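Colleague: For chain H, the structure is supplied; the task is to place chain Z on it using the hints.
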Amino acid sequence: MSVVYEKSKGLTDVKLHYCPGCAHGIVHKLLAECLEEMSETENAIACVPVGCAVMANKYFNFDAIQCAHGRAPATATGIKRVDPSKIVITYQGDGDLASIGTCEIVHAAARGEKITTIFINNGIYGMTGGQMAPTTLPGMKATTAKHGRDVKVQGNPIRVSEMLATLDGPVYIERVSVTTPGQVAQAKKAIMKALKVQKEGLGFGFVEVVSSCPTNWGLTAVKAMEYVKEKMIPYYPLGVFKDLTGEGK
Amino acid sequence: MAKGKVTIDENYCKGCELCVSVCPKKVLKLSETRINEAGYNPAEVVNDDCIACTSCARMCPDSAITVEKID
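Residue numbers (the numbering used here), protein chains in the order written: chain H, 1 to 249; chain Z, 1001 to 1071.
Don't read these hints as lab results, they were simulated from the structure. All values reported here derive from a predicted model rather than from experimental measurement. Honestly, I wouldn't trust all of these hints.
Unchecked claim - Result set (DSSO-like, lysine-lysine): computed pairs, CA atoms no more than 27 angstroms apart in a straight line:
id : chain 1 : residue 1 : chain 2 : residue 2
1  : H       : Lys146    : H       : Lys223
2  : H       : Lys229    : Z       : Lys1026
3  : Z       : Lys1025   : H       : Lys223
4  : Z       : Lys1025   : H       : Lys7
5  : H       : Lys58     : H       : Lys189
6  : Z       : Lys1029   : H       : Lys223
7  : Z       : Lys1005   : H       : Lys9
8  : H       : Lys196    : Z       : Lys1029
9  : H       : Lys223    : Z       : Lys1069
10 : H       : Lys141    : H       : Lys7
11 : Z       : Lys1026   : Z       : Lys1005
12 : H       : Lys7      : Z       : Lys1003
13 : H       : Lys141    : H       : Lys223
14 : Z       : Lys1025   : H       : Lys229
15 : H       : Lys9      : Z       : Lys1069
16 : Z       : Lys1029   : H       : Lys7
17 : Z       : Lys1026   : H       : Lys58
18 : H       : Lys7      : Z       : Lys1026
19 : H       : Lys15     : Z       : Lys1029
20 : Z       : Lys1003   : H       : Lys229
21 : H       : Lys199    : H       : Lys7
22 : H       : Lys223    : H       : Lys9
23 : Z       : Lys1069   : Z       : Lys1029
24 : H       : Lys229    : Z       : Lys1069
25 : Z       : Lys1029   : Z       : Lys1003
26 : Z       : Lys1069   : Z       : Lys1003
27 : H       : Lys15     : Z       : Lys1005
Chain H extracted, bound-state conformation:
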């Protein structure tokens, strides 16, 4: 008998507080697996957000700092500039990155900071109870959009990957999802590449993960993954939006 899959050593034994089926857990372990495979767990510093992932520092078996709401890229900028030998990651949700932290992420990307950002986009504010986020789909219900988001009143969602790809600063931008084991494998590849972009000193790497929120969407975990496939991905298409590494896809 040989073990072909086990829990990453990049994670602690603390039980995750996330709701059943929340994709945060999947992305946490992908990040942990990538750092473990790169032998960088001792050298990594994660900047964790305000939002559901606010306590991610308890789950990562590497150093982490809880940042002010949306300001993880600013904190990461400081850490990386003080000690460029560290692998500095920001892990942010859509309320954190695409709303209150829009300024920080846009300017960190524009400056081409040599950090890696993992952006979890599930189209809703999870921790605070399902309010509308900047990424909520048109027509999608939220506690602050009872009849579904009306773009005439509440404006249009932001496609962050496409927006950042127009800047000259970023080196690598990809949008992935985690609805199937195949997509999980692709997401891991993308995170690994974004981390290598940083390790090789090339610049800013950004991976957006189209994710789910079973609790606030009012769906089971399995149905929420189907919703991602049917509704979220058509609006937030997967793929590489920028790649200056010369490796192509």
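Modeller: Using the frame of chain H, we list chain Z on its own:
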């Protein structure tokens, strides 16, 4: 085809059923008779058709699943 063995750390399982939904051999099912310490019905192995594809473990948000390959 390879044979495999799935082990579930029951007290980490939240019964989300993602593992059940992706298993190509229908090896897993949520228990209807047991609950874990957090009150969830944990996933359990119901047959020995596992092919060690690791799909269940890769999808598990709570890293509750270990997969072994029987050589």
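Colleague: A separate judgement is required for each hint: does it hold in the structure or not?
Modeller: The hints, checked one at a time:
no.: 1; hint: Lys146/H with Lys223/H; in the structure: holds, 21 angstroms
no.: 2; hint: Lys229/H with Lys1026/Z; in the structure: holds, 22 angstroms
no.: 3; hint: Lys1025/Z with Lys223/H; in the structure: holds, 20 angstroms
no.: 4; hint: Lys1025/Z with Lys7/H; in the structure: holds, 22 angstroms
no.: 5; hint: Lys58/H with Lys189/H; in the structure: holds, 24 angstroms
no.: 6; hint: Lys1029/Z with Lys223/H; in the structure: holds, 17 angstroms
no.: 7; hint: Lys1005/Z with Lys9/H; in the structure: holds, 21 angstroms
no.: 8; hint: Lys196/H with Lys1029/Z; in the structure: violated, 38 angstroms
no.: 9; hint: Lys223/H with Lys1069/Z; in the structure: violated, 30 angstroms
no.: 10; hint: Lys141/H with Lys7/H; in the structure: violated, 35 angstroms
no.: 11; hint: Lys1026/Z with Lys1005/Z; in the structure: holds, 13 angstroms
no.: 12; hint: Lys7/H with Lys1003/Z; in the structure: holds, 20 angstroms
no.: 13; hint: Lys141/H with Lys223/H; in the structure: holds, 16 angstroms
no.: 14; hint: Lys1025/Z with Lys229/H; in the structure: holds, 23 angstroms
no.: 15; hint: Lys9/H with Lys1069/Z; in the structure: holds, 20 angstroms
no.: 16; hint: Lys1029/Z with Lys7/H; in the structure: holds, 21 angstroms
no.: 17; hint: Lys1026/Z with Lys58/H; in the structure: violated, 34 angstroms
no.: 18; hint: Lys7/H with Lys1026/Z; in the structure: holds, 22 angstroms
no.: 19; hint: Lys15/H with Lys1029/Z; in the structure: holds, 22 angstroms
no.: 20; hint: Lys1003/Z with Lys229/H; in the structure: violated, 31 angstroms
no.: 21; hint: Lys199/H with Lys7/H; in the structure: holds, 24 angstroms
no.: 22; hint: Lys223/H with Lys9/H; in the structure: violated, 30 angstroms
no.: 23; hint: Lys1069/Z with Lys1029/Z; in the structure: holds, 20 angstroms
no.: 24; hint: Lys229/H with Lys1069/Z; in the structure: violated, 31 angstroms
no.: 25; hint: Lys1029/Z with Lys1003/Z; in the structure: holds, 19 angstroms
no.: 26; hint: Lys1069/Z with Lys1003/Z; in the structure: holds, 6 angstroms
no.: 27; hint: Lys15/H with Lys1005/Z; in the structure: holds, 23 angstroms
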